[in-house]
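Chemist: Order-wise, the sequence lines are chains U and E. Read in order, the letters of the first sequence are residues 9 to 359 in the working numbering. Read in order, the letters of the second sequence are residues 9 to 359 in the working numbering.
Calculated Cβ distances over 10 Å to all of chain E for the following chain U residues:
| no. | residue |
| --- | --- |
| 1 | R140 |
| 2 | S143 |
| 3 | R145 |
| 4 | L166 |
| 5 | T169 |
| 6 | S219 |
| 7 | P226 |
| 8 | C242 |
| 9 | P250 |
| 10 | R267 |
| 11 | Q273 |
| 12 | F279 |
| 13 | P280 |
| 14 | V287 |
| 15 | E326 |
Per the computed footprint, the stretches of chain E lying under chain U, defined by three or more beta-carbons under 8 Å from a beta-carbon of chain U, are:
| no. | segment |
| --- | --- |
| 16 | 116-129 |
| 17 | 341-349 |
Because the hints were derived from the structure by calculation, they are not lab data. Remember, predicted model here, so these are calculated numbers, not experimental data. Cβ atoms here follow ideal geometry from the backbone N, Cα and C, with glycine treated the same way.
The primary structure of each chain is shown beneath.
Protein chains: 2
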Amino acid sequence: MKPNLIATRFLGAETVAAMIARKGIAPCIAGLADYIRDDFRRWASFDKSARVATHSPHGVIELMPVSDRALYAFKYVNGHPGNHRFGLSTVMAFGVLAEVETGLPLLVSELTLTTALRTAAMSAVAAAALARPDSRRMALIGNGAQSEFQALAFHHLLGITQFHLYDTDAAATAKLLANLGRLGLSARAFGSTREAVCGCDIVATLTADKSRAAILTPDMIEPGMHINGVGGDCPGKTELHPEVLRRARVFVEYEPQTRVEGDIQQLPADFPVTELWRVLAGAVAGRRAADEVTVFDSVGFALEDFSALRNMRDLAEELGIDASIPLIPELPDPKNLFGYIPVLPGLARAA
Amino acid sequence: MKPNLIATRFLGAETVAAMIARKGIAPCIAGLADYIRDDFRRWASFDKSARVATHSPHGVIELMPVSDRALYAFKYVNGHPGNHRFGLSTVMAFGVLAEVETGLPLLVSELTLTTALRTAAMSAVAAAALARPDSRRMALIGNGAQSEFQALAFHHLLGITQFHLYDTDAAATAKLLANLGRLGLSARAFGSTREAVCGCDIVATLTADKSRAAILTPDMIEPGMHINGVGGDCPGKTELHPEVLRRARVFVEYEPQTRVEGDIQQLPADFPVTELWRVLAGAVAGRRAADEVTVFDSVGFALEDFSALRNMRDLAEELGIDASIPLIPELPDPKNLFGYIPVLPGLARAA
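The shape of chain U in the complex, shown without the other chains (with noise of 0.2 Å):
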């Protein structure tokens, strides 16, 4: 390839794991948690949408785009739970980051890593407002491809010293302890959810399976907790118990959104949510007293991936990283996309 001035930049898988081990998990994380707070806290700025889902039996692939003035990004993502049996993730995603001036794409990036980063960077921009700030104990409830990113978080973010784990699969729980035992933070497994939960001030629930499961019944709740509820997240995928949601604050991402995908799927249309945006912003309080239980109900919004290919671009320039891939034609007059293909003359002869 040679190089032009219309390349794309690229973020393969492998460079994003490079750039990361890099920089840091923490402050990767640290970083897209200042990237994700600026730009929610410019709300009005964006032309925001829905998720665009394709459904099928298998699980689901979806289309999330956002914008502002200067640029537009969108993130391709599925969602199937099966996929192990292929040797494959649950989640893979990758985005892009186009010139709204001109419709240019700038960058083309993998997401899978930077999904699982940015997620848990979301989690603790909303645990920071809303979770008591004397939280040290919390529980990890679904071991899988989350979960050491959730728990570096919130041991950095947020001064996290104590995990407990729970997982359905052994083997997930098996392999959280050890890597965050070889991260030196403190973890011990439990044999059910209500143990794990019992006693810890934020509780994350990080399931993947697609079905409305009450993974937290009201019983499990203790005044005061905070509850960071990332696994549900479409319509049929739930993991809070209504009443759980009935008897807390509410916070979400982007309320139309949420409405049909998060756990408040389960309950009517005028249940009182708050946009986190908002308590962001400081235009609404976010804990109002140490006793208040608060969910957010964390279904994954766009803004977000904007949020992180900004921070992910950015991130390469300061590393040095310049990979791009030769996604559009670089044409001496572009009224003639005709000659970039090295036919003439002797093209009629092909027919």
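Starting from the structure of chain U, add chain E where the hints point.
Modeler: Chain E only, in chain U's frame:
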């Protein structure tokens, strides 16, 4: 990059140009026409939706998803009429083909060149069903990036031997005249749309201006003409005087999308139109009389890109092209995404 089972096939702009040159443009367009016809005939197999458009003062960026039970495709495409100021094409595009069962992206491909070919192929597929079989003379109104491809498609697939050219930009016409000359195709430049259209069997409007234009007025239309309206393809962007539409039988790709984006946006929502797939599937007659005026109000539908991506994947296979990009991380244990980042041990120090 090390080879892996889940590498995503990549077809860049230069690669696709070289593939087209090797195969020959006319055989490429003919192949695309076959794939489009096959997919349109199994119309009911597809999960279809109108595209998701993000409008800005300078243009539009669109995502166009479509899927059947096996494959999911989407195209990213912009339309920015002022892009020549930056030396960029008005329309730039790329697309992705993915597996419905797992969500794994199989192919990322440039679609700027490919869209030009598929648009020409789609026009030819429509005209083969709608134009008079004895058509020999065609007007090309708008001599920009799409025009050579239209000429080649209509020469090779419909037997058009004489092209009449007009564009408000004389340089564009000169470029087209030169390219067609080198292709051995007979063409002549005219001083106005009216003169170019006179005596033609088929008229293609291929203009890019984002405005309500009336390139063709009723007095220019002759009995038996087929009009191929390609340039009017988004809200506020039309090419045909409404009276031209009223006096013709109008065919469209996907009615819900064309009502918003096509030339028929100027007419009431109950103005009768026929979806082209019905003609291709043999359910409805195309042209019914030699003096009937037919219009294909083409806006470009996601299914054409689905066909084009399938076709390009198969052509790459045929030509032995196996370039790929590492878009998705390959994980020994899909639940251990964290283990993909080469940071352990010592990660805690990074904070």
